[in-house]
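> Residues per chain, in single letters:
There are 2 protein chains.
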Amino acid sequence: MTEGMKDKSSFVLGYEDAVAGTGEEVRRLLKEAPLVLRHMTSHLSKAAGKMIRARALLACAIRQDGSINPDAVKAAAAVELLHLATLVHDDIIDNADKRRGIDALHKRYGEKFAVLCGDWLFCTALEHVSTADTFQPKQDTADRSFTRYLTEVCLGEIRQNRNNYNYRLSEREYFRIIRGKTAALFEACFNAGFILSEEDAAIREVYLEIGSNIGLIFQLADDCADYEASPKVIKKPVLSDYSRGVVTLPLIYALKKDKALSEKIAAGLKPDALKAAVEEAGGLRYAHGKIDRLYKKTLKAINFLDIDIEKRELLLRLLKKAAGIPA
Amino acid sequence: MTEGMKDKSSFVLGYEDAVAGTGEEVRRLLKEAPLVLRHMTSHLSKAAGKMIRARALLACAIRQDGSINPDAVKAAAAVELLHLATLVHDDIIDNADKRRGIDALHKRYGEKFAVLCGDWLFCTALEHVSTADTFQPKQDTADRSFTRYLTEVCLGEIRQNRNNYNYRLSEREYFRIIRGKTAALFEACFNAGFILSEEDAAIREVYLEIGSNIGLIFQLADDCADYEASPKVIKKPVLSDYSRGVVTLPLIYALKKDKALSEKIAAGLKPDALKAAVEEAGGLRYAHGKIDRLYKKTLKAINFLDIDIEKRELLLRLLKKAAGIPA
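The listed protein sequences correspond, in order, to chains V and S. Heads up: the first sequence begins at 10 in the working numbering, then just goes up one per residue. Heads up: the second sequence begins at 10 in the working numbering, then just goes up one per residue.
Chain V extracted, bound-state conformation (with noise of 0.2 Å):
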């Protein structure tokens, strides 16, 4: 062993050594849990996301040498254990079956137990990331600490809850949910990267805009594909949505054009037929025509930003990932 690796610090990562050892690290957690609750970390090691979070901050975290703080690692883990803990107690709240193809887990275990399960997964994620040392918040930076967007998270998903079935939601409150139940999220990672890359304090707006416009984007797309995909190419039931009482961008714009749209709700529309009435009255155009123009922008900011090809092209692929547009 050379000198250089003994010292963890200065041990130099790659991207994707990163994303596998994210990917290893969240699997490790999971199968180490006390025996107390093995069973149920897992069942949820047996799926695994995408891992879009976790790319997002390792992405944001690449020096001007490319090479990765060993710190990112950590954090991208926990942020991935924060995002499982959401599902958990998520699935509970919906009352969903399954989740990433496999059952969900309060309906093999039981709510009681999912409940803790989830908070027991928040506690180790943020124990897991107060271990990274670069990675403590500054007294100038407390706003944009990990726990003020998690609360934005919880946020959002109140916000969300409270407006289920709400047909006279507004665009404006709908973009304040997805702004915290989900972008908060994507803007936590860029933030947490952009500290672990050392770059100049000038420019981390910028990367702050950038995650939170790829959350707002992944999201919008989300919402779109319920409306159009089959079910086995978005792996849930289409209009889950809907028939959840979840109101998005495509349906709230055919509400506002469509004014005897929501009469034929409440008198019980079938899934076919709205979905339809979203398509004829230009919700799902007027839903994509949002994801373009946050799409431009998005694009032009990321081409600002004065960093190497690789790193570039990382951050372009999320984008295009989280629009749905195959790399």
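Since the list gives no way to pick one copy over another, a pair counts as held whenever it fits inside one copy or between any two copies.
Below, in silico cross-link-like pairs of lysine-lysine (DSSO-like), each with a Cα-Cα straight-line distance of 27 Å or less:
| hint | residue 1 | residue 2 |
| --- | --- | --- |
| 1 | Lys107 | Lys121 |
| 2 | Lys121 | Lys279 |
| 3 | Lys299 | Lys309 |
| 4 | Lys330 | Lys306 |
| 5 | Lys305 | Lys329 |
These are computed hints drawn from the structure, not numbers from a lab.
Assemble chain S onto chain V, guided by the hints.
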């Protein structure tokens, strides 16, 4: 305003002011919550707790000159919010009707919002604590970080719930449960208070032991009270543990002494008959014996500390309160 008062960190705060300030801060945080959940946090603010955890933190935080670092108020308020978050989730899990004399949150606003409100309280508490700059985890004390203790609390809760209706629960496992679900948060308070007290690091372990023991005594006394008191005194139904399947020390001992008891329970023993059987088998005497031994040990540790008389008095008062001894 004098020069000294302008500098917040040198502002001299006494214990009673700090306790009052903590209560105000908790109420303010609940009352000024974002509008979307203020109806829930307002409900929670109607019933104040006794703030025994906040008091523990503040008493420990008293410095040699008798003053308290204002950050201690932030940390103490955060601890009370964290405790409140665990109560909200506990009540969902136990399907409890009442808490602190008012409707349990999930009974009034539904489980969905209670899960989310608990999550929000949790995030807000952690966010609040992260704004206290003297209260960041240090690398050498990462195993004593706030989040580490919280993970212990979660694990204790999970262990307890896994052992509901387990009438073969061992005394050893019982102590493992209460060390997590109750003693860990008390120890966290003593740890935080100790850090803020600026005392010598060599004395840290003594503080932690006192904190953990006071937590154990508090839980043991609470578990005994469930077999002793009338509903009026403990503000919750007598034998509520038994009816929820929570097996505690008086019952564990009675089951060991009275071999016929577990069969009687399986056949559906009425609470009054169980109460008599536990008393008859010496379960309460045994549990009180445990409390007494811990009490004496902790008394010794408090007297060992080189602290001023007011601080000692406060710690002794806390110990008595935990054991249920009138001041």
